[in-house]
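Heads up: the sequence shown is residues 1379 to 1481, going by this note's numbering.
Keep in mind that the hints were calculated from the coordinates and are not lab data. Misleading hints may appear alongside valid ones.
[Stated by the list, open to error] Derived CB-CB ranges, DEER-like:
1. G1442 x G1418: 46 to 56 Å
2. R1469 x L1416: 15 to 25 Å
3. I1443 x F1413: 19 to 29 Å
4. D1420 x I1443: 35 to 45 Å
Where a beta carbon is used, it is the ideal one built from N, C-alpha and C, also for glycine.
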Amino acid sequence: MSEPFYITTAIAYPNGAPHIGHAYEYVATDAIARFKRLDGFDVRYLTGTDVHGQKMAETAAAEGISAAELANRNSDVFQRLQEKLNISFDRFIRTSDADHYEA
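Construct the entire structure; sequences and hints are all you get.
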């Protein structure tokens, strides 16, 4: 059985669009995950968005939409960015996911 290796990105606040700093972090973390896989580790690469917080509520109010609507719209953009960059994450987590609440 391979030795486990866990790696995560920071979970971004999706109150705005992703920027080059997000892409840099995703690519750098992905490189580590890929090298660890090549070295035989059982890698679990987690990433995602934190859809809670005051900034989310403020941004949603300023846009005239609900915080849930903002969270879904912008989290989708963050996830699509990682998919377009061919990031090898195992799971994209949103803090609004049902299993996040269970934990």
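So, going through the hints one by one against the coordinates:
For the pair G1442 and G1418, the supplied restraint of 46 to 56 Å holds, since their beta-carbon distance comes to about 52 Å. Distance hint check: the CB atoms of R1469 and L1416 are about 20 Å apart, consistent with the given range 15 to 25 Å. Evaluation of the 19 to 29 Å hint for I1443 and F1413 yields a failure: the beta carbon distance comes to about 41 Å. Between D1420 and I1443 the beta carbon distance is about 41 Å. The supplied range of 35 to 45 Å therefore holds.
The structure fails hint 3 only (numbered hints given earlier).
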